[in-house]
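Participant: Now for the letters of each chain:
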Amino acid sequence: MKNPQLNKNGELQHLLTTEGLPVKIVRDILDRAATFLDADGREIKKVPLLHGKSVFNVFFENSTRTRTTFEIAAKRLSADVVNLNIGSSSTSKGETLLDTVGNLCAMHADMFVVRHAQSGAAHFIARHVAPDVHVINAGDGRHAHPTQALLDMYTIRHYKKEFHNLRVAIVGDVLHSRVARSQIHALTTLGVPEVRVIAPKTLLPAMVENLGVQVYHDMAQGLKDVDVVMMLRLQNERMTGALLPSAQEYFKYYGLTQERLALAKQDAIVMHPGPMNRGVEIDSSVADGAHSVILPQVTFGIAVRMAVMSMLAGAKA
Amino acid sequence: MNIHIKNGRLIDPKNNIDAQQDVFIAERRIAAIGKAPQGFVAEQVIDAGGLVVMPGLVDVAARLREPGYEYKATLESEMTAAVAGGVTSLSCPPDTDPPLDEPGLVEMLKHRARSLNQCRVFPAGALTYGLKGAELTEMIELAEAGCKAFSQADAPLTDTRVLMRAMQYAATFGYRVWLRPQDSFLARDGVAHDGEVAARLGLPAIPVVAETIALATMLQLARETGAILHICRISSAAGVEMVRAAKQQGLAVTCDVSMNHVHLTETDIGYFDANCHLVPPLRSQRDREALRAGLLDGTIDAVCSDHSPVDDDAKQLPFAEAEAGATGLELLLPLVLKWAEQEKAPLLDALSRVTINPAQLLGQKVGHLSVGAHADICIFDPKASWKVEPAALKSQGKNTPFNGYEMQGRVRYTLLDGQVVYQR
Chain V
167 MKNPQLNKNG ELQHLLTTEG LPVKIVRDIL DRAATFLDAD GREIKKVPLL HGKSVFNVFF
227 ENSTRTRTTF EIAAKRLSAD VVNLNIGSSS TSKGETLLDT VGNLCAMHAD MFVVRHAQSG
287 AAHFIARHVA PDVHVINAGD GRHAHPTQAL LDMYTIRHYK KEFHNLRVAI VGDVLHSRVA
347 RSQIHALTTL GVPEVRVIAP KTLLPAMVEN LGVQVYHDMA QGLKDVDVVM MLRLQNERMT
407 GALLPSAQEY FKYYGLTQER LALAKQDAIV MHPGPMNRGV EIDSSVADGA HSVILPQVTF
467 GIAVRMAVMS MLAGAKA
Chain F
600 MNIHIKNGRL IDPKNNIDAQ QDVFIAERRI AAIGKAPQGF VAEQVIDAGG LVVMPGLVDV
660 AARLREPGYE YKATLESEMT AAVAGGVTSL SCPPDTDPPL DEPGLVEMLK HRARSLNQCR
720 VFPAGALTYG LKGAELTEMI ELAEAGCKAF SQADAPLTDT RVLMRAMQYA ATFGYRVWLR
780 PQDSFLARDG VAHDGEVAAR LGLPAIPVVA ETIALATMLQ LARETGAILH ICRISSAAGV
840 EMVRAAKQQG LAVTCDVSMN HVHLTETDIG YFDANCHLVP PLRSQRDREA LRAGLLDGTI
900 DAVCSDHSPV DDDAKQLPFA EAEAGATGLE LLLPLVLKWA EQEKAPLLDA LSRVTINPAQ
960 LLGQKVGHLS VGAHADICIF DPKASWKVEP AALKSQGKNT PFNGYEMQGR VRYTLLDGQV
1020 VYQR
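Residue numbers (my numbering), protein chains in the order written: chain V, 167 to 483; chain F, 600 to 1023.
If you're looking for bench data, these hints aren't it; they were derived computationally from the structure.
C-beta: ideal position from N, C-alpha, C; glycine also.
A portion of the hints provided could be inaccurate.
[To be verified] Simulated restraints on C-beta separations: (1) F:Thr866 with V:Thr262: 38 to 48 Å; (2) V:Asn228 with F:Thr866: 29 to 39 Å; (3) V:Asn169 with F:Ile812: 31 to 41 Å.
If we strip away everything but chain V, and leave its shape as in the complex, we get (with noise of 0.2 Å):
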């Protein structure tokens, strides 16, 4: 089956998933952001590659950070931004998904950053765009979520330099997450050789294993040793869709505390891709401890959001 995300040369096109994702395009995106950044990993430089061109954020299901992330990620590299929350609000007034795509694409856009709440939409989007048109998918339902996981291997690799010697755990709801699927997509594909889910049985998806992780039930067994935390956000409704019983009990069981992280290797990384819930997934004393890089992995955000920008329009300009 072709690549959705590939044009015919073997090059991105759009940017839909890490699934499937060439494992040099990926180191290329991650190169090409260490260039965006200090030796700090701190100052971002505002440059010319998307001078003239126009980027959309086309935001079907609100979300302020990541929608400003990609903001500042396209404005720093000089393109004209537009930002569209169109919530639920148009598909209300009757217009169809696909209706609102064409009107946005004769509006002359050079990309769509695109978060929708079905999985599948970006996929959609991307099928339905003019052909010189980028596609990013800024998260899809349950589905994807490429450019967090991006910039968490980013941020691993900024800390461990190497991916082939890890041990990764990501931790929490993965059934709804489309963070946790794209990471794992991410690290089997730069060759990290264990990745581990820890969760109840109730958010982990049927044959899970099948995606390449080893499945644990227990945090103390599922963080022994590993030089990687990766915690995913609990949303507050799966409190009443009868998969767990409260908050409490799975900050109990689940959370991320010191005497839990103590298990990890001594140099263990933690990491989050926000919104934080303190005191439910995760401790405040880990989030703001010596281990954590959860603010880092903002910072890197910008930068990859710019590499993937740059490297879908700004090239072939």
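With chain V fixed as given, assemble chain F onto it according to the hints.
Facilitator: Relative to the frame of chain V, chain F by itself:
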């Protein structure tokens, strides 16, 4: 009109015939097989040299979308599709708008179908009013109006007491009850099989237990009530095994599968192909193999098209929001032939799954070419290969997961009641 179909390979599963035999039609019925009746003068001769002559296909599940969903399809468009697919008898589920829960609606549908004179329509009536799962329909009246079975279509019937009483009442009068097994709590919001693909794509899932739990309930209630139970659209290996065991224990239960599930699996969803958004969901390869084996050994009595034309606007949406269903009437025969060839099943056996077996599920004297039977006939070219091109389909629904597939076997003539209603 007297018609002589000559030189064809006649395959009639009911009469166990697979031989070169001529067919003679007089007064809309089969007048003779093999040798012309005395004094027979043909007004039309169809040379079926190199072609297969078989009973018109019987499809136990084809949605015609009338009344209520004429923007998806009409009787005209779908009956044309039926005869283009060699289908001369079909049963339509009651999930129209309004549902087929009033005799007047059924009479109107029958009348419309009769006036088009393309294909016989045997409606399945609603088991409960409005398909709401609460109150029984007037089954006697509906049966008198022409309903051949009673069904909930895909609407849930969560109240097991209502289900038991519906089955008891139907059993009282010997009516057939057609049910698709799916626990609506376990299936809630689900759009794909709870397996590898749903895990990968992040699609809300429907586990196999949604089928087996509902199936266990239905089988138990059939034992208890004596209802004539038919299981619709079985989808899982575990489900097939339960039906097999029930049959071995002597329960008079029957079962069908959709042709989509005989050929496709969850992996056909690929990158969110909404054409593969089907009800029930496409399951794993293991499930598909069990369905194929069940169809071969007779655990599954019939294969149907599960024809569900959907308008483009309803399909052009992200996978979960896209309406489920696919067009199918024109693909039923070639897909049965494909299955038969892949499984090395003799045609005589394979074609029973779309002729006499479904006819018996409907309790109708169709699906065979005995002398005296209605001359409903399909003549197809077994060597003709063709490619599925949605725009070329007669059905108003153009959505099919088989888009671009190479098919072998194409209908050349369809006869209904001794008249040629389709020819290509």
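Participant: Which hints, by number, does the structure contradict?
Facilitator: Hint check: 1 fails alone, others pass.
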